[in-house]
Structures are given as structure tokens and as C-alpha cells.
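> Each chain, written out:
There are 2 protein chains.
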Amino acid sequence: MTRLLIVGGSDAGISAGLRAREVAPDVEATLVVADAYPNYSICGIPYHLSGEVPDWRSLAHRSQADLEAAGLELLLCHTARQIDPAARKLTVIDPNGAEMTLAYDTLVVATGATPLRPPIAGLDSLSAAEGVHLLHTMDDTFAMADTLTRRPAERAVIVGAGYIGMEMADALSLRGLAVTVVEALPQVLPTVDPELAALVEAALAGHGVEVVTDTTVTEIRHTGRELHVSGAGGFARSADLVLVVVGVRPDTTLATAAGATIGARGALAVDRRMRTNLPGVYAAGDCVHTYHRVLDADTYLPLGTTAHKQGRVAGENAVGGERTFAGSLGTQVVKIFDLAIARTGLRHHEAAAAGLAPRTVPVTVDDHKAYYPGAQSVHVRITGDTETGRLLGVQMLGAIATGVAKRIDTAAVALYHHMSVEEISDLDLSYTPPLGSPWDVLQAAVQAWA
Amino acid sequence: MTRLLIVGGSDAGISAGLRAREVAPDVEATLVVADAYPNYSICGIPYHLSGEVPDWRSLAHRSQADLEAAGLELLLCHTARQIDPAARKLTVIDPNGAEMTLAYDTLVVATGATPLRPPIAGLDSLSAAEGVHLLHTMDDTFAMADTLTRRPAERAVIVGAGYIGMEMADALSLRGLAVTVVEALPQVLPTVDPELAALVEAALAGHGVEVVTDTTVTEIRHTGRELHVSGAGGFARSADLVLVVVGVRPDTTLATAAGATIGARGALAVDRRMRTNLPGVYAAGDCVHTYHRVLDADTYLPLGTTAHKQGRVAGENAVGGERTFAGSLGTQVVKIFDLAIARTGLRHHEAAAAGLAPRTVPVTVDDHKAYYPGAQSVHVRITGDTETGRLLGVQMLGAIATGVAKRIDTAAVALYHHMSVEEISDLDLSYTPPLGSPWDVLQAAVQAWA
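Taken in order, these protein sequences are the chains called R and S.
Taking this note's numbering, the leading residue of the first sequence gets 32, the next gets one more, and so forth.
Taking this note's numbering, the leading residue of the second sequence gets 32, the next gets one more, and so forth.
Don't read these hints as lab results, they were simulated from the structure.
From a predicted model like this one, the values you see are computed outputs, not experimental measurements.
Just so you know, even glycine gets a beta-carbon here, dropped at the ideal spot from N, CA and C.
Misleading hints may appear alongside valid ones.
What the hints assert, rightly or not - Per the computed footprint, the stretches of chain R lying under chain S, defined by three or more beta-carbons under 8 Å from a beta-carbon of chain S, are:
| id | segment |
| --- | --- |
| 1 | 77-88 |
| 2 | 173-187 |
| 3 | 363-377 |
| 4 | 390-403 |
| 5 | 433-446 |
| 6 | 453-461 |
Claimed, not checked - Selected chain R positions facing chain S (Cβ under 8 Å, derived; list incomplete):
| id | residue |
| --- | --- |
| 7 | Asp-42 |
| 8 | Ser-72 |
| 9 | Leu-157 |
| 10 | Ala-160 |
| 11 | Phe-266 |
| 12 | Ile-293 |
| 13 | Ala-295 |
| 14 | His-339 |
| 15 | Lys-340 |
| 16 | Ala-357 |
| 17 | Pro-465 |
| 18 | Ala-481 |
Claimed, not checked - Label-pair restraints from in silico Cβ distances:
| id | chain 1 | residue 1 | chain 2 | residue 2 | range |
| --- | --- | --- | --- | --- | --- |
| 19 | R | Arg-34 | S | Pro-404 | 53 to 61 Å |
| 20 | S | Gly-82 | R | Val-392 | 19 to 27 Å |
| 21 | S | Pro-225 | R | Thr-419 | 29 to 37 Å |
| 22 | R | Pro-85 | S | His-238 | 43 to 51 Å |
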């Protein structure tokens, strides 16, 4: 019987544990979870804070009882302190501060990521008590919910216009707050091209969100009842709540202290079996680098979907399996008000940086036959390789009802199989006039590229 | 310079012409079109008759002027009478009844399909004048619109519960008619499994449509102002309008008279270059059999999407190209009231008939994370091969908003690449809680199959 230890109770850790028990029902699988909230949907936090999901307990993918019924032993509120890879032992601190040592045959490190703290004067000395928040854990969520309800906050400044910043702008607006988003880069949602970001900015403005780009926040001050946020170019806003969401970095401390190698962009190095360089130690999720299937190289792409898949591979291999991680395409979608914005594969500059010869073509296509009522535009950007003809990446933006979130998946499967741009037209996709066109949006777009 | 003749002005014919002009801009491309409505969206007819598309002219994919601007010469209201393959000549009858002969270097036969006329007593002697309709052409559409507006009709009986029957039940209900659908088979929508058809029947009932299955209509009588429809088991209904839509058969008369070989299910035999056995004669669309990519064999699948693709291949090859038709998966979707019902690939009995070892598993999955408001069920049926593990087919049913129409495309691309059921879990699909789950609907379903 194998003794499997897993550090981390989020997507990667839970997936590893469940998969290990699935393929090896006699494995002893113990999860060391830093807080009391195993298997919570971190991606769901904005919808609790918006009020759309009133009970935070709903955010659990599975209940603790379900996890235990699946045969996972949970050590909640236990902090993993040290790995001894030679002795195959893990030291943990229990909720009372006592140290204990756990033996393992195999270990999965799923320590996730931690939010970046940008160099803003005042940020380190201010906290949730004054209405200054970072947002990554359920405890962060409770603190922010408290600021929203107890004070209550009326004006919010969100520092950072990435996915979480955008979702929180939507969430806090829905809740009735006046929201300003400040972003150091020239555009919101830097994961898509500026042309699409401009449409997002227009939607934000349409919903009353103030967007300030090209502006680095330099200071947050708390003066009596208010917060004052100031930055480059004379930026100055007062607020009751400041949310700093400028990205994450992999949490690698535990593993690197034990000698684990660092790979792409500061994340733990793993092979496609999710093995670290330490014997018997696997790692998965936001703490590791990610094999990118189009790049055929490692990068850093902390996404829940990837964490699930990597965790599943790590868990299976930790009990003797031989599964290979197929790779990520960076497929992602975000809902911002009524819009869905999605991407998969490489953007132009990413392809160029990898030595490819990309061409990117913008195309706007109706989501269904124009004669049927309610047709709306889908904005597509197709990136292909001019030398090989290979599809490299697709970005899409449209109203939620245009099905962008699922249309991007068609492109993702095509990328998975390294299809050429031209061959996309050969795909047999569904059609009925109220829901599509004989040449689907993606096909119409690739035909424009060709 | 090549002289290309095309017989047929619907999806396959137009696609052939446009593609030929695209790859060989100097080709002389002439289309012989039997009516005055080239490039009309036949699939859109129900939405004109429902009143949702008030102007029938909107149903044109392209205007006549657009087609001519693309370099296509159109001979409208010309009937192709005879092919002389040895002399490479086509005889046509012009609108005045005069015969003329056209020379060609290559010919594309895109004569489409004709509606089946089941052996119902009275059907041949009754016509649109009495409110008895078949529905395939624009002229059929005008006749039916006339019945709907001039009489006006209040009660309709639809004979046949396939795609068109279902869409017309939706359309005529929307228009305020009381609708009865009669089907000889034990279920509506025989293109999907009975379990899904039962959900469609419930939706029809919920919208006040009467569904009578297992009942063959045997007679239609016209008595004064009313029509009487009677059938097996004492079935008898009065109506102002009877629509007979029980399927189509390939219209092969022109080509077979010239010596063309018949292939699968009575359709013209073509190879994957869309060549018939006649020198210089290609054929495409609803008149030909279709290479099925999962079956790796020819079958008959008259679908607009396929007609477009086959026409494109035929047109390119008719001017010297060497394109191969990639094959159909039978991907299709239909909207019936608020439901979308989709399928791709093989159903259980089709796979079994082909000598495969199918297993079909039903799974019901939420379209997005249950905690986010508005989650709805998607009913999925996964058919896989128990011997090879290969995915064979997927059926899905859900509310339109669940994205079934595009989710099926993910499965279609997977089938295109002959993926195994298990490998579907490796696909990097998009996720955000309001629009999906970390394991997408299709992935959750295939995991249940495995």
C-alpha cells in the first residue's frame, strides 16, 4: 500500500487525491490543507462578493464529507513546513502550532500561487481593517465581504485590470459600488489584443466603471474614514475599498527549500509526468510551470482547468501510473458584464517571440444567420503561421449569447491537433439558422485569414 | 480557359461556382438554376413562415448581384434536360420552353433532393389550393405563406416529425396555429435517441403541440372548407393546412440518365474528389452520397453544411484542383422552441450495424457551475467503442442558453481526429463559472462513460 501525501487543498491537490484513489483504491491519501476550505472554487469568489452567490459554502466543488467519502484524509489548517526528500518525510505544523512529521512514499506539491504585492507605498501597512484587500483565499473573501457589508463601502478602486480585476469590477458594480479600475499597462485585460480590450473598455464605461490605463499606482493612504489612492500622472481617487489584484506568482518555497529545481518563469520545474527533480515528489497546479502544446515548451499559465488536469496526472502517476500531461493551450474565457472574451493558443507577439512567423487577421462575423432575429457580432482574431500555415491562436469577443465561451473550444481542439488554418474549413460543425451559419464563425474567420 | 457548367443554384452549386472562380479567376462559370431563387437558405424557410423573418428576400445567402459580381453567370428558370458526357454538352430548356445546348469542359451536378411523397390516399390529387403542402423550394414557401395568410389557417396537421416537421411545429405554433404532428415511428426526431426525443415531446406538449407517434397517415380528404387527415388506429383530425414532410430522396434523374452510377442509398456515387464515373462530371450536395469520416464509408446525409463543403471541393477540382472531401460526421443541430438538440457521429445502432462494439452512456450535467445562478441541465449521450476506446458519437439536448449548438462542435472536432473517449479529458477547454465548469460538459460526460 502506497502512502501518498498531498500539500494543498485546491484544484490540483484535490484532483491528485481523487485520481489516486480512483486508480489505486487502496492508497492512503492525506491532504495537508493550509486553511479550513478544501476544494473551494477560487474562480467563484467574485460571484459571492457580487451577491449572486449568497452563501459562500456553495463555492465548494465538493463538501468535506464528499472528499472523505472518496477516501481522502484531510488535515485542515495544517501548514506544510519542510520536505525531507531523502527520508521521504514531511514536517507540518498543526492548528495548535505543534510540529509533526508525516512519512510518505510519494508526495504531490500543490501549493498554488500567491498574489503579487506591487511596490505601492502604504500597501504593507494597511489591511482589510482599513478596507485594503488582496483576494486569493476564502479568508481574503470573508474579509472583503466584511468591508462590503459592515462599513458599507460605496466607492472602490481596483488596482489591476486582469481577469480578477475585471470580474471584480463587474461584481462590485452589480453590488452598487462606484468602481474605478487602474491599470499600469495601456489596456485592460492584457491577455487579449488591444483591439478587443478597447471593446471591453467601452462595455465597462457603459456600465459606469471608470477605467484608467497607463497609470501606475504609487501610494495608498488611509485618512480617517477614507482611503486615498494616488499614482503617476496626478492620478488621485478617494475610496472606501481598495482591491489590489495585479497577478500571482507561484508559491514554490516549500519545494525549493528541499532542493526542487525552478523552471519557466519562477515556477517549479516538472516534466510531463508532473515529476519534480526530487525522488517521489510530484507537483501540479499554479506552483509549477506548464507545458504549452503549441509552443512545445514550458511556460507559466496558472489556470484552474490546467490545475485540474495536472493534478489528475500527478495523482495517477504518484500511485504508479504513467500518464503524460497533454499540455495547455492557455484556453480561457472571462465574463465581463454581458460580454464573453475568450482566447486559446498564442497571440501574435507570443508567436513572434517563439521564432514563428505569425500573421493576425481581425474578422467580425454574425453569430447566426443575419435574417434570423437577434444576430450579434463576434469579433475574432485569427493568428496563423505564414510559413507552415498552422493555426497558432484564436481570440474571440462577443455577447454571452453568441456562444463565444464554447466557440473557442472548437478552436482549442483544432489547436490540440496542430491543425492548419485551411483545414478548419473541413470540420463538420453544426448549423441551424437561429444558432449558426453553414460556415461557422470560426470557419468564416479562418477563410478570411487564408 | 475552362468552361464550367453547374446544374443547381442551392448550397452545393453556388459553393462550387464561387470556389471555382476563387481558385481560377478566369474560369467561365455558368449556373443552370431551375427556379428564380439562387442561393436561398432553404433551412431558413420555417423562420419566414413563422413570421420571424418577414421578408422572404432576406433568406438569400447572397443577392443575385453579389453572385454575378463574383463572376457567376446565372441562367435562372432554366431546366437541365440532358447531359451528353461524350460530347461534353448539356441540354437545357429555357423559360420559354425552348431547348438550348451548352458546351462544358467540366460539369458539376448539384441537383439536390426532392421531398418524399408517402403513399397517402388523396395526396396526389390535393394541392396548395386546398391547403396541402410539401415544403422544399421557395415556390412551395410562397404557396404555404399564401395558405397561412389568405385563408387564414387555424389548425395544421404536420405529417412527419423529423427536423423540418419539428421546426414547422415550432413555427406554426409561434404563428398561433393549433398544431398536430403525426409520425409513423414511435418517436419524434428519429435522428436522436428515444430518451432525448421524449424530452422534445414534453417540450412540444408544453407549447401546446399535439404529438401522435406510431401512427401512419393513410388518407387526406378535402371536404368543402376543411381537410380531414386519417390514419392507422383510428387517427382522425380536421385541419385547414396539412404539411407533409417525411424526408427527401436524392434527385439523380439527370445524371443517371447520362450513365452516372448510383452509390449509397440511392444517391449518386462520387469519390472523395467529388467525381462521378462520367468524365469531367462532378457532383455534390443532397444528390450524392457522403463519405462518413467515422464509418470510413459512404452513406446518405443531406445537410446544408455538407453541401457547402462538397460543393467547394467539386468547384475547386472542376478547375484543376486536387482537393479531397474530408468527410461528414453528420453533425447537426435543431432548435425546437427553447431547446437545442444536437448530434455528431454515430448513434448506438448505427455503430452496431457497422460492426463496431458500441456502448452508450447517458449523462446529465449542469451547463455551468451550479452555484452561479441560472445553471441548467445538458442531457448528453456518449457512444464509444468498447474494443478500441474510440469516441463514436455524441448527442446533446439542452435549453438554447446552455450552448449545446456549440458544445457539439467540440465533440465534432474530436471525432474528426478519431480521438479516444479517454483523451477528451486532455483537451484544454475554456472555463469561467458563469459559462462552464473546470471539466466541461463533454469532459464530465466522457469521464462517466469511462
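> Hints broken by the structure, by number, lowest first?
2, 9, 10, 11, 12, 13, 18, 19, 20, 21, 22
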